[in-house]
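**Student:** For reference, the chains in residue letters:
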Amino acid sequence: PLTHAPLDLAAVLLLALGIKGLGKVRSARAANRLAALALAIAVLGLLLQQGLQGWPWLLAGAVAGSLLGVLVAQKAAMTAMPQLVALFNGCGGMASLLVALAAAALPTQTGLLALVSIVVSVLVGGITFSGSLVAMAKLQEWLQTPAWMLQPARHWVNGLTAASALALGWWVCSGHSIALLPLALLSLLLGVGLTLPIGGADMPVVISLLNSYSGVAAAAAGFVVGSELLIVAGAMVGTAGLILTQVMCNAMNRSLTSVLFGGALGGASATSADQG
Amino acid sequence: MNNALSLNEALWVLLLGSLLGLELIGKVPPTLHTPLMSGANAISGITLLASIVLIAEAPTPLLQAMGAVSLAFALFNVVGGFLVTDRMLAMFRRRNDQ
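Residue numbers (this note's numbering), protein chains in the order written: chain A, 1 to 276; chain B, 1001 to 1098.
Because the hints were derived from the structure by calculation, they are not lab data.
Where a beta carbon is used, it is the ideal one built from N, C-alpha and C, also for glycine.
One or more hints might be untrue.
Stated by the list, open to error - Covered stretches of chain A, as calculated for chain B (at least 3 residues, CB under 8 Å): (1) 52-62; (2) 204-218; (3) 247-256.
Claimed, not checked - When the alpha-carbon atoms are kept at most 16 Å apart in a straight line, the in silico EDC-like pairs for lysine to aspartate or glutamate are as follows: (4) K75/A / E1009/B; (5) K20/A / E1023/B; (6) K24/A / E1023/B; (7) K24/A / D1086/B.
Unchecked claim - Pair by pair, the computed Cβ-Cβ distance ranges are: (8) P1029/B / I178/A: 47 to 57 Å; (9) W1012/B / G111/A: 39 to 49 Å; (10) Q74/A / W1012/B: 40 to 50 Å.
Isolated chain A, as found in the complex (with noise of 0.2 Å):
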């Protein structure tokens, strides 16, 4: 492995420099550019690491994604932005939340470590992918805030749904990998039960907030199968990913347990101001 390493520190390096850039106004284009080539190049690395092992099944699932992926961005309204992204970013976390379970499945991940970086995985992965799907749907007004969703009520069931699926990822850890599944299923709830009383005014600081999550079922996944590279990238994007998060807050006025917590600003479709 350590013939491969250059390349992936390379990748580090200029993952660190594409985020470090996307701040500034002079170097955003070029350092996302970057970013898109460091990816390239971690893929790379460890292609030639383990070969092309599977390689129908690469292929089938490289060719669907990038070609959708391209569709997509390109197809898309300008005026969609932040929906787009709300999208893109919950298909990250179904990813993370697949490979998670899939690898539960494999022989070797049975020890505490592996069952612990599955669960929050599964967890983490499932709640960015259900709510980063109601976030674009309520910015695409798909979907209004319901009344009930409003109750105080909901902190209790949320509250309940966190408490269940935390007993039954310790039940994962203890070895029964069946509750898996049931844990998947609550964490898309959880999801769902956590975005949707939220007012549109306030989905891009939620899109970002969701995206730091994608960025830590990432790096949970990068325990999973053992890759320092993926560890460092998720992690940096889960702590970049809640700066930016709090930096939205303060340009807008808003704390993030008013976002969170305090239900829909107004009216509860209210389009966005200015972003981007």
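For chain A, the structure is supplied; the task is to place chain B on it using the hints.
**Tutor:** Just chain B now, kept in the frame of chain A:
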């Protein structure tokens, strides 16, 4: 799967990566909030590395298929994410030059 990674090592990597992320974002002009979010989101699709490892190591076609589906989801995130960020930034540049 890859047992070469020790818990100790992995936790150090996690800690240092997290600290790096905390420092990367400073003052960001509001116009760049959405593109930055979008770019960071594309990067989080790096979970595709896990899909690739899974496809190589999965013993059954079902698990390989799950790997392929997750790879498609992750690549959708990566490819779409970077392209859309580029579109946003291209518009931004034009608006600024005029």
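**Student:** So which of the earlier hints does this model not fit?
**Tutor:** 4 and 9
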